[in-house]
Each structure stands twice: as C-alpha cells, then as structure tokens.
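**Student:** Sequence:
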Amino acid sequence: VGTPILIGVSTGLAGQGTIDEFATQAGFGNGRELLSLIGLRVACLHAIAGTFIPLIVVATMTRIFGAQKSFSEGLRLWPFALFAACAMTVPYVLVAWLLGPEFPSLLGGLIGLAIVVPAAKYGFLVPQGDQVWDFPPAAHWPSEWVGSTSVQSVSDHGRQPSLFVAWLPYLIVALLLVFTRQNSLPGLELSPQALCKSVRFPWPNILGTSISQEVLPLYLPGTVFMIASICAFVLHRMQLRDYATAWQASGRAIVAASVALIFTVPMVQVFINSAAGSAGYPQMPLALASGVKDMVGQAWPLLSTFIGGLGAAVAGSNTVSNMMFALFQYDVGVQLAVDPVWIVALQAVGGAAGNTICVHNVVAASAVVGLIGKEGLVIRKTLPLFAYYALLTGMIGYLVVWWTHAPP
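Per the working numbering, numbering through the sequence shown is continuous, rising by one, with the last residue being 412.
Hints may contain errors.
Claimed, not checked - For lysine to any residue, the following SDA-like pairs were computed, each having C-alpha atoms within a straight-line distance of at most 20 Å:
(1) Lys-125 / Asp-138
(2) Lys-201 / Ile-11
(3) Lys-297 / Gly-226
(4) Lys-385 / Ile-60
(5) Lys-201 / Gly-226
(6) Lys-201 / Thr-184
(7) Lys-385 / Ala-369
(8) Lys-73 / Val-136
(9) Lys-385 / Phe-310
(10) Lys-201 / Gln-217
(11) Lys-125 / Phe-168
(12) Lys-385 / Leu-59
(13) Lys-73 / Pro-131
(14) Lys-385 / Ser-147
(15) Lys-125 / Phe-84
(16) Lys-385 / Asn-359
(17) Lys-73 / Thr-386
(18) Lys-201 / Ile-231
(19) Lys-378 / Phe-26
(20) Lys-378 / Leu-395
(21) Lys-385 / Met-65
(22) Lys-385 / Lys-125
(23) Lys-73 / Pro-388
(24) Lys-297 / Ala-341
(25) Lys-297 / Val-318
(26) Lys-297 / Trp-406
(27) Lys-201 / Gln-186
(28) Lys-73 / Leu-389
(29) Lys-385 / Leu-396
(30) Lys-297 / Asp-343
(31) Lys-201 / Ala-170
(32) Lys-378 / Pro-146
(33) Lys-201 / Phe-183
(34) Lys-201 / Leu-180
(35) Lys-385 / Phe-168
(36) Lys-125 / Leu-167
(37) Lys-378 / His-364
(38) Lys-73 / Pro-140
Treat the hints as calculated values from the structure; they're not laboratory data.
All chains, full assembly: derive it from the sequences and hints.
**Tutor:** Take a look at the structure:
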C-alpha cells in the first residue's frame, strides 16, 4: 500500500518539517506531486528488473533442487515466465502512473493474477509432456531441505465460499484504498481524502523541541485492512471464535514486529533530526552526503541501490531504510548536480531488493516453514538475487541520471 514511499521516503525527506514544505522548496507543487513522481520512477525500475525475476527464480530452483542440478530445465519455461512477469509489471507501472504510489503492488498483483491463472489453466505457454519438471523423490532430499513443520491434509466440512466471495475482501481493500485517496468525486462536492484527513491527533513540539507529528487514523492503510477483515467475517460467515483467533494471531505478529520498531524508529528520528544541536552541525544525512560526494563522485548512482538494500537488511524494513537514507540520497543528487528524484528512487528500489537478505524477514519466513537455524543457508541463496537486482537497477539509474543530466 505504498508505505515505503508514503511513510518512509516522506518522513525521511521532511525531516523536522512536512513533506509539503520540502516539496515546495524543491520546486514541486506539493508533497503528493513529489511522492507520486518518485513512486512512478520506482515502478519503472522495478518493472525492468522484475520482468526477469520469475525466470531467474525458476532456473535457480531447478539448479538447486532439481535432480539434474541444471539451469536449463528452468530456462525452458521462459515464454510463460516472461508472460507472467509482464502480466504484473505492465499493470504495475500503469497503476503507479494513474493512481499513485499506494496501489501498484496491490492492484498490479491482482491484475496479474487475474491474467495468469486462467492462462495457466488453459495451458497457455505452459510446458507439456516431458517438459514438466518436479522435485526428486522426498527420500533423496538432503536434510537441509526439510523443516520441522509437516504438512497435513485438513478435512473441512463447513461452508466453502465461492471463489469470488473468497477474493472479495481483497477487492474491498483495493476499492477502499482508491476511494480514500481521491481528492474529489465526479458530480459530488465531496473529498474522501479530506474527510479522512479531518480526523487527526497532533503532537506539536514534542518534548519541547521544534519537532511535531500527527496521526491520521482514518487515512492509515491499516484502518482499511481492519474494515476489510470485518467484511470478511460477515461475507465468509466465520465463527466468532475463529475470528477472535485470527485477531490474536495478528496481534502476536504485530507485537513481534514492534519490538524492532520501538528501537529503530527513534534511532531514525535522531538521525534525520540531528541538526537541532547547539554545536551547529548539519543533519547527519547532509553531512554524509557531502563526504560521499567527495569520495565516490559521479559513480554514486551505481551504489545508491546497495545503500538502500543494506539499510533494509540491517534495519529490517524498506520503509525504515528510506526514512534513514532518503534525505541523504537526495542531497547527494543535489551536490552532484543531477536529478535527485532519480537518486531517491534508486534508494527505494534498493531497499525493496534488500528485503530478500533482511535478517528479520528471513528469520520470520524460516520460522513459518520450520527451518529454524538455517537462516544463513537461506540468505546465501537469496544474496545473488539481491546482487542482480541492485546492480541492474543501479546501472539503469546511472545511465538515466547522466543521460538526462544537462551540463552547466
């Protein structure tokens, strides 16, 4: 729902002020215009690199887990893999262009799924006969493949919702997100966005400083998800006990994630608001930008994605990585006299790629499938994927930044 851009980049760039103030100083009409431009450029970079991800994943799977240990078995799937990727990436970019940074992942994925599932069902570009690949017999699996969680068949004689009803909560999320982000509605003097933002809880001058924050509960994506969960409870005719169990499981997940955020978010706020000291030093991101510009120079776009990825891997979140480094990346672009919006876009793309090697994510995913203690093995397998993604997008960013650069 656009959190890495709308919260991560926005908070990082705003610093002690607001994103609207920052955008106005940077020559944009408002913060929304700036964030939408960043989101569109991020989507374009993701679309280029992401188009090859399904094929790389399949080829890697056949190389690591196949009986023949061969990349070629996976590469045979290239027509369907590229078709499936384009079915998602093309709508992804169009949604980013037309609707903004909230919706590309959500609507792009749903549209892609609606295209690919029927195509696969009817065998479009799907290998047939001896081209079909499968894992070797379980008796031949090495111990590192096997987790402690066993899969058991579950017999459920309760009411089974139709496919449409099962997907309806996801559609409700998408529609509510689109609705609440509209400035106006055709034929009506109503602004859903302004209405949602009218309910706010401000905290001005926190602890006697010039820093202020506010919470917009009706505008938060989490509120939309809670409304959708209530709709799912009614539509799926769930038992109250099962619904309460789902809330308890979600609550435990939130608590587990909050442990890291309790420490990382204050650290980020200190980082981006560090100019308020009596010594008169600049903000840490700006001081770092000055040093990096002198050290790396014009090659910086190649490294921007790796900084974003490293931030996500260490901090545990693309959003937190963007909060930490968005202003730093922007100021490097300013000091290099290139378009700083492209540099921030590279930061956000790198942060997304860094999720593949994020220790927090790998530990959580390994726990779900019972691969406790094998996190290092997982990261060693995902590290080449991160390197490909960060390097390719960095190279594209480097070419675009200097190709569009107008020399003085």
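**Student:** Decide, hint by hint, whether the structure agrees.
**Tutor:** Now the hints, each set against the structure:
A C-alpha spacing of about 18 Å is found between Lys-125 and Asp-138, which places the hinted pair at or below 20 Å, so the restraint holds. Proximity of Lys-201 to Ile-11 is assessed by CA-CA distance (about 15 Å); at most 20 Å being required, the pair is judged to hold. Using a Cα cut-off of 20 Å, the hinted pair Lys-297 and Gly-226 is violated, with the two alpha carbons roughly 39 Å apart. Restraint check: the Cα-Cα separation between Lys-385 and Ile-60 comes to about 12 Å, which is no more than 20 Å; the hinted pair holds.
Between Lys-201 and Gly-226, the direct Cα distance comes to roughly 14 Å. Compliance with the 20 Å bound is thereby established for this hinted pair. In summary, the hint linking Lys-201 to Thr-184 is supported, as the alpha carbons are separated by about 9 Å, within the 20 Å threshold. Between the alpha carbons of Lys-385 and Ala-369 the distance comes to roughly 14 Å, so the proposed pair stays at or under 20 Å and holds. Annotation: proposed proximity of Lys-73 to Val-136 holds, straight-line Cα distance about 15 Å (limit 20 Å).
With a C-alpha separation of about 18 Å, the suggested pair Lys-385 and Phe-310 falls inside the 20 Å cut-off, and the hint holds. Only pairs whose Cα atoms come within 20 Å are accepted, and Lys-201 paired with Gln-217 is accepted, the gap being roughly 14 Å. Taking the CA atoms of Lys-125 and Phe-168, the gap is about 17 Å. The hint holds against a cut of 20 Å. With a C-alpha separation of about 16 Å, the suggested pair Lys-385 and Leu-59 falls inside the 20 Å cut-off, and the hint holds.
Only pairs whose Cα atoms come within 20 Å are accepted, and Lys-73 paired with Pro-131 is accepted, the gap being roughly 19 Å. With a C-alpha separation of about 16 Å, the suggested pairing of Lys-385 with Ser-147 holds against the 20 Å cut-off. Distance check on the hinted pair: Lys-125 and Phe-84 sit about 12 Å apart at the alpha-carbon level, within 20 Å; holds. Proximity of Lys-385 to Asn-359 is assessed by CA-CA distance (about 13 Å); at most 20 Å being required, the pair is judged to hold.
Taking the CA atoms of Lys-73 and Thr-386, the gap is about 17 Å. The hint holds against a cut of 20 Å. The hinted pair formed by Lys-201 and Ile-231 meets the criterion: a straight-line CA distance of about 17 Å does not exceed 20 Å. Proximity of Lys-378 to Phe-26 is assessed by CA-CA distance (about 44 Å); at most 20 Å being required, the pair is judged violated. Restraint check: the Cα-Cα separation between Lys-378 and Leu-395 comes to about 26 Å, which exceeds 20 Å; the hinted pair is violated.
At most 20 Å may separate the alpha-carbon atoms for a hinted pair to count; Lys-385 and Met-65 meet this at roughly 10 Å. The hinted pair formed by Lys-385 and Lys-125 fails the criterion: a straight-line CA distance of about 30 Å is larger than 20 Å. For the proposed pair Lys-73 and Pro-388, the alpha carbon gap of about 17 Å is at most 20 Å, so the pair holds. Distance restraint check for Lys-297 and Ala-341: the Cα-Cα separation of roughly 11 Å lies within the 20 Å cut-off, and the hinted pair is therefore satisfied.
For a cut-off of 20 Å, the pair hint linking Lys-297 to Val-318 is broken: about 23 Å separates their Cα positions. Simply put, Lys-297 and Trp-406 have alpha-carbon atoms about 15 Å apart, close enough for the 20 Å limit, and the pair holds. Between Lys-201 and Gln-186 the alpha-carbon distance is near 12 Å, which keeps this suggested pair within the 20 Å criterion. As the CA atoms of Lys-73 and Leu-389 are separated by approximately 18 Å, the hinted pair is consistent with the 20 Å bound.
Distance hint between Lys-385 and Leu-396 is fulfilled; the C-alpha atoms sit about 18 Å from each other, no more than 20 Å. Among the hinted pairs, Lys-297 with Asp-343 is consistent with the structure: their alpha-carbon atoms are about 14 Å apart, no more than 20 Å. Under the criterion of a C-alpha separation no larger than 20 Å, the hint pairing Lys-201 with Ala-170 is inconsistent with the structure, at around 31 Å. Between the alpha carbons of Lys-378 and Pro-146 the distance comes to roughly 13 Å, so the proposed pair stays at or under 20 Å and holds.
Simply put, Lys-201 and Phe-183 have alpha-carbon atoms about 13 Å apart, close enough for the 20 Å limit, and the pair holds. For the proposed pair Lys-201 and Leu-180, the alpha carbon gap of about 15 Å is at most 20 Å, so the pair holds. Among the hinted pairs, Lys-385 with Phe-168 is inconsistent with the structure: their alpha-carbon atoms are about 37 Å apart, more than 20 Å. Only pairs whose Cα atoms come within 20 Å are accepted, and Lys-125 paired with Leu-167 is accepted, the gap being roughly 15 Å.
A C-alpha spacing of about 13 Å is found between Lys-378 and His-364, which places the hinted pair at or below 20 Å, so the restraint holds. Proposed proximity of Lys-73 and Pro-140 is supported: the alpha carbons are some 11 Å apart, at most 20 Å.
Taken one by one, the earlier hints fail for this structure at numbers 3, 19, 20, 22, 25, 31 and 35, listed in ascending order.
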